[in-house]
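Those protein sequences? They're chains D, L, R and Z, same order as listed.
Here the first sequence is numbered in the numbering used here, starting from 1 and rising by one per residue.
Here the second sequence is numbered in the numbering used here, starting from 49 and rising by one per residue.
Here the third sequence is numbered in the numbering used here, starting from 262 and rising by one per residue.
Here the fourth sequence is numbered in the numbering used here, starting from 484 and rising by one per residue.
For the record, the hints were derived by calculation from the structure and aren't laboratory data.
Every value quoted in this text rests on a predicted model; they were computed, and no experiment measured them.
Quick reminder that beta carbons are idealized off the backbone N, C-alpha and C, glycines included.
Take the hints with a grain of salt, since some may be wrong.
[To be verified] If we take Cβ atoms under 7 Å as the criterion, some of the chain Z residues that face chain R in the derived model are: (1) 627; (2) 631; (3) 634; (4) 651; (5) 658; (6) 665; (7) 669.
[Stated by the list, open to error] Residues of chain Z placed beyond 12 Å of chain R at every Cβ, according to the derived structure: (8) 502; (9) 565; (10) 666; (11) 703; (12) 733.
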Amino acid sequence: MNWGSMIEFFAMGGKGLYVWGSYGVTFAVIAIEIAMLALRRRAAGHRA
Amino acid sequence: MLEVSNLACTRGERTLFRGVSFALEARGLLHVAGTNGSGKTSLLRILCGLGAADAGEVRWRGEPTRALREAYWREVVYLGHANALKDDLSATENLRIACTLAGRPTTAGAVRNALDSFGLAACAHLPVRALSQGQKRRSALARLALSGQAPMWILDEPFSALDVAAVSHLETLILAHVTGGGNVIFTTHQTAAIDASITQRFDLDAVAEKDPC
Amino acid sequence: MLSVMRNVIARDLTLAWRRRADVFVSVLFFVIVASLFPLGIGPEPKLLRVIGPGVVWVAALLASMLALSRLFADDYADGTLEQMLIGATPLSMIVIAKVFAHWIAANLPLVLIAPLLGLQFGLPADALAVLALALALGTPSLSLIGAIGAALTLGLRGGGVLLALLVLPLYAPVLILGSLAVEATATGMTAQPYLLLLAAMSLAALSLAPWAIAAALRISYE
Amino acid sequence: MPSANLQNESASFNWFKYASPQAFFPLAGAIAPWFAAFAAVLFVVGLYIGFFVAPTDAQQGESYRIIFIHVPAAWMSMVIYLAMAFWAGIGLAFNTRLSGMMASALAPTGAWFTFIALWTGALWGRPTWGTWWVWDARLTSELLLLFLYFGFMALQAAIDDPRRADKAGAVLALVGVINIPIIYFSVQWWNTLHQGSSVSLKSAPTMAATMFTGMMVMVFACWAYAIAAALWRVRCIILERELRTDWVRAYLGKQT
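With the rest of the complex left out, here is chain D:
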């Protein structure tokens, strides 16, 4: 296990901003894409 504690884990060796910036945006993108898919699916349903 690389990290002693949670704080150390989030600090990420001083580079937390970049690592969590990358992963945060990645999961935001995935969430946005799934949300857009759901919206589009409902819109297609209503237009019948």
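With the hints as your guide, set chains L, R and Z onto chain D.
What follows is chains L, R and Z alone, placed relative to chain D:
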């Protein structure tokens, strides 16, 4: 010569027509009738290979036109609503280029006679943009006078915007072409344009089921 | 077949000649865009010499793209393009003739003017010669690839900007190689490999693009 | 209009039945959730390996861990464009509507992955080279790939008739796929000739075994996710385009 089997065409959401079938033998003269929006223009464009049908097939001398391509197009003259004339070129230049493109290069004399026959002798060398709508239509139709060898003529509302003299001249041209062994498919809204006795009539509204527009 | 192509080329060139103003407009656009950069970057000669090749190439690229939207649009509007689609000659041959005529009317003037612009950026004489040569070798593939975009966006609203979005990423290789050729000459190295590559790309485009352009035109008409 | 002429009567499974949107719709609905679940599991496993098993990198310290999302995203952006061009080519050749829909369904997911690759590439460059944007050969070609995706989507959006949009997009995708290697190599020359290869985003120097497995798990996670997203989107496209058909009305009638 031309067989059409259960042609279907949809534009966007709407089915224009379905199950359109007919055949046209040599010396065939076919008047495609139908109200506005019944798909006359789309049908003609599919017949000449410009548009694509959703179903069905068009065969020329037994071969599907989709496979024949240039061999079929060399034998077809299509005139749509657009006059296919360049405004910056004169009627003479336009006609000469149109014939070369169609694979039937002509001489200057033949071009002059064709334009004369449509009463365009005076303005043959003016740029087309200087001509009136009727004159433009006539210079577009002038290519028919030079398309004797092309067996199949497909004309979309050829009589529109024409004066009486031009209508009768066009009628004689069409009849001469048909008696000479060619075929003509045309649409028109003028009833008295061509005497109905020798014309096959195909009414798009009656035959094909379609979605209400 | 060749006579038809000759006729189409003659037709398009007479049309371009009768509308000479359009040719001057795209050349003026080329000159103005290239002249704006020093205003933005400053007159310092050493710096201008470094950015010169790139600036002239980007300006030439934009000017040639400006003229593209008219390649098929006029013929589409007045119905002559329709007749070409059902002509006796294969469409890809007619397309080659049209793009060649377009290249002469729109891109050749740029190739001739470019050395003058190069002077503005203080490029040495041999670099100017290579600039014109690189443009002459590179612009055919610009016209051919651009013609694919023009055919795809035929009759669409917002065609000009959409055409730029489709075509500019595909122009990147020509831009890179063209600027490298001029920069190599300006810094005393040989530009031969880049010129050969530009010529190769134009030949590849000449052999592949006409099919795609013809297909795109037919799609636009279906 | 399924290409029924290839239908064989034998009991063997007939793939062409699924060429029609109506038959493919329920199939996509059935397998998409499995791929989504599979992706979720793989993401968790991949991240666990990436953060808790893979050791700290000697030179770059912890910032190298961005590689576990950057490289898979970059690969996916390329693979999805190739898949898009593949379906586009099939759609053009066989005139099957479903292939065109599949290409349109893949484009947004591909564009998102390209964006992620660029974003994570920039965030990785910052601690390593001190600049947000590194004109590295791979990142620059990713940027051009993003423009190709936008061009494809913009062209399809500008055309109303779905059939023309599919075919026009197909031609653009095929022209794009031919140009991608050309773009990549010319950018490579451009990068090495202008600055020499000093500033380039080398992947982590010596890939320890666990680093590699972590990355590969993430690659498969991205694959599964992309397939699930594309299948969901293709279902939406099928509903939008087949709105007039009675099977869609029946399906939606039952739904709402």
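To see whether the hints hold, each was checked on the structure:
The closest approach between the C-beta of residue 627 of chain Z and any C-beta of chain R is roughly 5 Å, which is under the 7 Å cut-off, so the hint is satisfied. With a cut of 7 Å, the hint placing residue 631 of chain Z at the interface with chain R holds, because the nearest CB-to-CB distance is about 5 Å. Here the hint on residue 634 of chain Z is kept, as its CB sits about 4 Å from the closest CB of chain R, short of 7 Å. Interface restraint check: residue 651 of chain Z against chain R, minimum CB-CB distance 5 Å, threshold 7 Å, status holds.
At a threshold of 7 Å, the smallest CB-CB gap from residue 658 of chain Z to chain R is about 6 Å, leaving the interface hint in force. Among the interface hints, the one on residue 665 of chain Z holds; its C-beta lies about 5 Å from the nearest C-beta in chain R, closer than the 7 Å criterion. The interface hint given for residue 669 of chain Z is met, as the beta carbon of that residue sits about 4 Å from the closest beta carbon of chain R, less than 7 Å. Consistency note on residue 502 of chain Z: stated as away from chain R, and its beta-carbon is indeed over 12 Å from all of that chain's, at 21 Å minimum.
The claim that residue 565 of chain Z is not at the interface with chain R holds, since no C-beta of that chain comes within 12 Å of its own (minimum 16 Å). At the 12 Å boundary, the C-beta of residue 666 of chain Z falls inside the reach of chain R, the nearest C-beta of that chain being 6 Å off. Taking the minimum C-beta to C-beta distance to chain R, about 29 Å, the non-interface status of residue 703 of chain Z holds against the 12 Å cut. Listed as outside the interface, residue 733 of chain Z is consistent with that label: its C-beta sits roughly 30 Å from the nearest C-beta of chain R, beyond the 12 Å cut-off.
Hint check: a violation occurs at hint 10 only; the rest are consistent with the structure.
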